[in-house]
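Residue numbers (mature numbering (1 follows the signal peptide of the UniProt record, and there is no 0)): -18 to -1, 1 to 393.
Treat the hints as calculated values from the structure; they're not laboratory data. Some hints could be false.
Stated by the list, open to error - What follows is a list of derived Cβ distance ranges for each label pair:
# : residue 1 : residue 2 : range
1 : L132      : H204      : 27 to 37 Å
2 : T16       : P265      : 30 to 40 Å
3 : G302      : S225      : 46 to 56 Å
4 : D41       : Q77       : 16 to 26 Å
5 : P84       : V320      : 45 to 55 Å
Only a predicted model underlies this, so the values are computations on that prediction, with no experimental measurement involved. Glycine included, every Cβ here is placed at the ideal spot set by N, Cα and C.
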Amino acid sequence: MLKLLHHLLILTRTLLLGEEDTEWTPSSCLQTSTSLEELATCLDTFTVPHDYYTPFTYDLAQPAGSQREGWKVAVQTLLDVDGNCSISRVPLSLQGLYTIEPFRDHCILYEASSQCGTYLKGWGFVVVPSRRSGISRNVHISAPHPGFDLGTVEQAASVYQTTGSRSLLVAGRRRTAFLEHSDCIPRTSTKQNYYKTDPAHNDEEPFFDASIAIHDWQNQHHGCPSTTCAFLQFHGKGTSTCSTDTIFLSSGLGNSSASKAWYLDPTDRPVKRLQQTLRTSFPSSSVSLPSDSSCPLTATKNVVGRYLNGIHMRSVCTMGATSERATGVFVHAEQAWVARDKRQYAAWARAVVAAFDAVCEEGMGVDLRTGLCAPRSLLAGHLETDGRSEGVMGRLVWNPWYLSVCYFMMF
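I would like the entire structure built from these sequences, with the hints used as guidance.
This is the structure in structure tokens:
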């Protein structure tokens, strides 16, 4: 049934072009989309669908030879972009498959190759602002489960843009695209199904390599201070799972006493700040941490989370994060549908902006009305004056009404 729906979607796209013999490709998305959110939606239609791969075709789609390293290099090349997107190139091993192109005020690393409306490889896409002056905070946002955690792709794209975050990463395969169990995180019960194409539970998925590349790049560029930086993963949960929690946040630590103490200690951590700002944005909803909810969706087996919490890359399949070494830069957000509905994008953006200090380039300052960096010459009396060595950084004093208006004007 899912395959039938996928092919019907392809047919609909073709008919909308007005020419039945015109091939719709990922490149077409860049030509026709009028906003980043629309682009993300369009690219998501090429996501490798449910039960698509056989063992043979999955192996063909995986990075071969120098491609895995080339994929990491391409991601870091994208992160280095500053007004030179149009001349940036992917490594030779990726040419003909992936490309880097400008889109409005952004620069996109995406797969240009497709077959019958589906990505040929399915490694995902990455977006960054086309100029560093367009970055307001070192927050890296991702959506690992397109086609499964519905709405998270568009949500991630919207929050990335409206918060001035540094990067957006979206996986290119549905987590059930290959129904063979992951060798990395074996299931411990019949209710747990971690498949090979689930990038949160398989270190062989290109999403994991891209996440490592982004993390390593950030560490090489002033690190990831708690007040200004985090890696935020958007997920969606069913209505019957943790039904009392509208949004359940975690940092990859479980429900043990030591883990709960980590969430409750006086140390300032991204996940704790985000909980508080989300409670302001969602006053009638429950926003919980493992310290105040028994929800089991704590991301303890998330391989990206394990790596970000200090577990060596070679050990992410076998070793979980501990409260003693957890860095706190990983923020895992499980959400009921109401929290990832399009009408809540602005609320999420307000919370992220309020939770993380802005870091502006030279000549830029924080606009107190939006929490975003803007040229100082345009800010007049709306400039944050608490400057620091790397730019203007200060806990945001934000105006929810103004930010909501700005959000709707952008789309």
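>> Does the beta carbon distance between G302 and S225 stay inside 46 to 56 Å, or does it fall outside?
In response: 26 Å, violated
> Falls inside 27 to 37 Å, the C-beta gap from L132 to H204?
Replying inline: Taking Cβ atoms as reference, L132 and H204 lie about 36 Å apart, which means the hint holds.
> Do the Cβ positions of D41 and Q77 conform to the proposed distance bound of 16 to 26 Å?
Replying inline: 21 Å, holds
> Taking the beta carbons of T16 and P265, is their distance inside 30 to 40 Å?
Replying inline: Distance hint for T16, P265 holds at roughly 33 Å.
>> Tell me if the beta carbons of P84 and V320 are separated by a distance inside 45 to 55 Å.
In response: 35 Å, violated
Hints 3, 5 from the list above are not met by this structure, while the remaining hints are.
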